[in-house]
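**Student:** Sequence:
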Amino acid sequence: METFKPLKNTFNGFFKKNPYLRIIGWNALVVALLFAGSWLIAHFLMGGKDFYVKWSSTVLLRTEQINPYSNQATQRIAESAESTIFFPLAENAVFSSPIYSLFLYYPLSFIRNFEWARAVWLTCCTFFWVKAWKGQNLFKRISNTSSQILFLWIFAFLNVFTLMIFLGGDLVAISFLLILFAFQKIQEGKYELAGIFCGLATLNPGLALSAMLIFTIFSIKNRNAGFLVWFLITTGLLCFSGYLLQNDWMIQFLQSNIKVVRTLISSVDLGIKNLTQLLKIALPLILALFEWLRSLNRLDQPEKVNWIFNYTILLLALGFCNLIPSLIILFLPAIFQIYSEWEKRESSTARLIGYGHLGVYLVISILLLILKPGILVGRDAIPEFLVWLTGFHLIVGMYWIRGWLYQDTMRNFIKSE
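Numbering (the numbering used here), first residue to last: 1 to 417.
Each hint should be verified, as a subset may be incorrect.
[Claimed, not checked] Listed next, the in silico PhoX-like pairs over lysine-lysine satisfying Cα-Cα at most 20 angstroms (straight line):
#: 1; residue 1: K185; residue 2: K221
#: 2; residue 1: K185; residue 2: K304
#: 3; residue 1: K344; residue 2: K372
#: 4; residue 1: K304; residue 2: K190
#: 5; residue 1: K131; residue 2: K185
#: 6; residue 1: K304; residue 2: K344
#: 7; residue 1: K185; residue 2: K134
#: 8; residue 1: K221; residue 2: K131
Honestly, the hints are just simulated from the structure, not real lab data.
Hey, can you work out the whole structure from these sequences and the hints?
**Tutor:** Right, here's the structure in full:
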């Protein structure tokens, strides 16, 4: 070892004099390790359905000028699905996103090998996922111990909701993180930035518009129109940028989504004759409306704002998850808030309950990986009873901590007086 000591000292001295190179070196090492792991996943695991559809649409648009909304593109993509992702596409697995979402896939369209393109996409999503959670400092706000923070990071990546979205390469993960960024800026009073982030989240229009309604209520409550103005500006610029890729794309986008909605409605037998399916959508929305009417005058409490936002997107996911399974990722904020409130109780029993609350979802991930791996890679649908059992568990948990939030807010108010 003494032989290499001068070399080690030389490297240490070099990096001490060049701290920026050390940062670049560490980041390069992390990216290289992430890419290696992503390539192993892309090579050995089937799936990547959502990424495959959008990547293939971009390749066809760039190389053959085929309209991604056309039947020709849909047929070409479906024909090569089994040889690429190793299972057939569902009838509703067509390109139905705004055309400007393809800008994200355009650089990857030059990579003609699906596995390598998927590996790059997984690497970028993972890096963005880490930066997003780290930027919000969420885990350090929940816990100060390194072991607990490590456990939270493990959960953030290995829970069933994240695995389903990442292995499918679903674009909803990016929109979800942009909405979290927007919510963070709303809390900081930076409404213009919140509007920009929410506008960028229109990569998934339904999710972004739902968040826009929530954030508009917050901004009106605080008498600030900046959010809505910048949301409209950002969305408008994105819409105009889409014409660089495809003329008249907005009409075709609407027509494509009408077809998808009809297919989804027929697949779940949604209609007046099937009241059960209607109730599964209506009940969560009614619960959300009831809670907003109940809590509208108390949105000046930061803890309450967090709770109502997390509770609303939880119910949104529960109501429409049967139609759009990728919305299951919206369960995550509620899960973290419930864990955070148990952690604040400052007792070993409460902490144990908090760990159990997160641990049960890690166990579900392991069981699905062993028993039904097709669910995690998007080949099979997630069991409806599992979605509703999870939703019921989280709703009970959210109402359980609601009383604590009010008590803690009052206690802090009394102390400040």
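**Student:** For each hint, tell me whether it holds in the structure or not.
**Tutor:** Hints and how they fare:
no.: 1; hint: K185 with K221; in the structure: 15 angstroms, holds
no.: 2; hint: K185 with K304; in the structure: 16 angstroms, holds
no.: 3; hint: K344 with K372; in the structure: 36 angstroms, violated
no.: 4; hint: K304 with K190; in the structure: 19 angstroms, holds
no.: 5; hint: K131 with K185; in the structure: 16 angstroms, holds
no.: 6; hint: K304 with K344; in the structure: 16 angstroms, holds
no.: 7; hint: K185 with K134; in the structure: 15 angstroms, holds
no.: 8; hint: K221 with K131; in the structure: 30 angstroms, violated
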